[in-house]
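Chemist: Here's the letter readout for the chains.
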Amino acid sequence: MAEGATNRLNLERLIACPKCDAVYEIVEPAPRERAVCARCHTVLIAPRRRAGKQLIAMAVTVLILIVAASVFPFLRIGAGGVHNDSSILDAAFAFSGPLAALSLAVLGFIVVVPMMRLMLLIYVLVPVVRNRPAAPGARAAFRFAESLGPWSMAEIFALGCAVALVKISDLAEVNFGPAFWMFAVLVVMIVVQDTLMCRYSVWKSLET
Amino acid sequence: MEVAGDIRTAREMGLVACTRCTRVWPAGTEACARCGQHLASRDTTSLQRVWAWWIVGLICYIPANIYPMLETRTLFIRQDNTIVGGAVELAQHGNWAIAGVILAASVLIPIGKFIAVAGLAIGVTRGARLSRERRHQLYEVVEYIGRWSMIDVFVVAILSSLVQLHALASITPGRASLFFALSVIFTMLSAQSFDSRLIWDADRAERRKGRGADA
Numbered sequence: 001m002a003e004g005a006t007n008r009l010n011l012e013r014l015i016a017c018p019k020c021d022a023v024y025e026i027v028e029p030a031p032r033e034r035a036v037c038a039r040c041h042t043v044l045i046a047p048r049r050r051a052g053k054q055l056i057a058m059a060v061t062v063l064i065l066i067v068a069a070s071v072f073p074f075l076r077i078g079a080g081g082v083h084n085d086s087s088i089l090d091a092a093f094a095f096s097g098p099l100a101a102l103s104l105a106v107l108g109f110i111v112v113v114p115m116m117r118l119m120l121l122i123y124v125l126v127p128v129v130r131n132r133p134a135a136p137g138a139r140a141a142f143r144f145a146e147s148l149g150p151w152s153m154a155e156i157f158a159l160g161c162a163v164a165l166v167k168i169s170d171l172a173e174v175n176f177g178p179a180f181w182m183f184a185v186l187v188v189m190i191v192v193q194d195t196l197m198c199r200y201s202v203w204k205s206l207e208t
Numbered sequence: 001m002e003v004a005g006d007i008r009t010a011r012e013m014g015l016v017a018c019t020r021c022t023r024v025w026p027a028g029t030e031a032c033a034r035c036g037q038h039l040a041s042r043d044t045t046s047l048q049r050v051w052a053w054w055i056v057g058l059i060c061y062i063p064a065n066i067y068p069m070l071e072t073r074t075l076f077i078r079q080d081n082t083i084v085g086g087a088v089e090l091a092q093h094g095n096w097a098i099a100g101v102i103l104a105a106s107v108l109i110p111i112g113k114f115i116a117v118a119g120l121a122i123g124v125t126r127g128a129r130l131s132r133e134r135r136h137q138l139y140e141v142v143e144y145i146g147r148w149s150m151i152d153v154f155v156v157a158i159l160s161s162l163v164q165l166h167a168l169a170s171i172t173p174g175r176a177s178l179f180f181a182l183s184v185i186f187t188m189l190s191a192q193s194f195d196s197r198l199i200w201d202a203d204r205a206e207r208r209k210g211r212g213a214d215a
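Going down the list, the sequences are from chains A and B. With the first letter of the first sequence counted as 1, position 142 gets the number 142 in full-length UniProt numbering; the numbers rise by one all the way through. With the first letter of the second sequence counted as 1, position 118 gets the number 118 in full-length UniProt numbering; the numbers rise by one all the way through.
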């Protein structure tokens with residue numbers, strides 16, 4: 001396998017683990033099965049039937065949820081007759097004065113980056129699913145979407161809501177706003193989306 | 001995926017692998033023709049960048065613990081809480097569980113991350129006692145857990161936007177929140193800079209040395 005490997009045709013049948021550099025001959029796993037690196041257990045290929053359509057549907061849903069959750073209040077607090085509620089935009093702009101830069105970062109992590117990532121994903125996947133040629137700049141778009149991954153923190157913010165709730169529940173009366181439930185759904189969807197996503201399959205379908 | 005005998009790396013086969021789309025190319029290829037990613041068999045500046053981000057991250061972690069994270073004003077008192085101070089106070093009020101969670105999330109995990117990343121980087125240059133499988137697991141855990149530390153900053157944002165009850169009670173974010181966020185960002189960048197393929201290389205070189213000594 002090694003000797004003839006410089007042959008271009010042969011190289012197409014190989015896959016390298018991005019985490020440990022081990023090379024394998026590609027064996028397309030059956031749907032719902034996964035190909036895993038034998039020594040570092042990184043998932044290499046995890047195809048799902050109709051994953052593309054499901055991913056698009058989920059991306060659209062999450063996108064709508066983020067927009068809606070940004071404007072509706074997610075927690076409401078009351079004590080001694082005074083009430084206040086807070087939306088995601090309120091939370092992001094809680095930092096002022098010398099901390100204003102943090103407001104932009106928080107807004108980026110929980111709204112802008114997740115939305116951008118989802119929109120890029122939709123842009124890349126729609127032509128693929130419809131068996132059209134790849135969208136212009138699709139490869140750069142998907143590469144960028146992938147690199148945004150770790151900085152998309154909507155689900156972490158959702159868990160932060162739960163922590164904040166516990167922290168102040170004995171100081172004041174706290175109620176959930178509509179956005180809280182949207183965010184709860186969003187967390188589940190983001191986790192499912194991650195398991196559906198097979199990078200190898202996407203790259204393969206973007207190949208010309 | 002079927003493996004026959006010894007696993008061979010792309011480098012050993014005279015190939016270079018794309019870390020983004022897993023395609024392999026002949027060694028010396030500049031960019032991946034499938035996804036456009038810049039190709040390098042090993043990221044030679046990896047450890048330098050790991051240490052650079054690690055150091056700034058650690059520097060930011062110090063003021064993050066000295067300055068107050070939250071400033072709480074109620075009718076009678078005005079109180080500044082550092083990360084540890086807040087947890088200690090919760091514990092004094094009997095909220096041991098929450099105090100424990102906060103200490104774990106904002107103290108144990110960040111410090112553990114610094115130690116783990118440093119350990120991985122030192123392991124590559126000087127050899128390590130842990131097996132490569134263990135070190136790879138450690139790397140995966142650090143990469144996965146890194147972003148979750150940002151939860152503290154989000155909690156501060158939520159609390160200070162929510163608890164605005166005029167004179168009754170109000171919470172404003174303290175300076176530590178900025179440093180804490182920076183520290184999280186820098187340690188994430190540090191972990192991302194680490195080329196995990198180095199873990200496996202170093203070990204391979206050692207084994208060869210070992211085999212040579214036996215013979």
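Derived by calculation from the structure, the hints in this document are not laboratory data. Hints may be right or wrong, so weigh each one.
[Said to hold, decoys possible] Covered stretches of chain A, as calculated for chain B (at least 3 residues, CB under 8 Å):
hint, region
1, 49-61
2, 91-105
3, 115-128
4, 182-188
[Claimed, not checked] Listed below are several chain B residues computed to face chain A (Cβ distance under 10 Å; list not exhaustive):
hint, residue
5, Arg49
6, Ala52
7, Ser149
8, Leu159
9, Ser196
These numbers come from a predicted model, not from an experiment. Glycine included, C-beta positions come from ideal geometry on N, C-alpha and C.
Chemist: Compare the structure with each hint and give your call.
Modeler: Evaluation of the provided hints:
no. : hint    : in the structure
1   : 49-61   : violated (count 0)
2   : 91-105  : holds (count 10)
3   : 115-128 : violated (count 0)
4   : 182-188 : violated (count 0)
5   : Arg49   : violated, 15 Å
6   : Ala52   : violated, 18 Å
7   : Ser149  : holds, 9 Å
8   : Leu159  : holds, 5 Å
9   : Ser196  : holds, 5 Å
Of the numbered hints listed earlier, those contradicted by the structure are 1, 3, 4, 5, 6.
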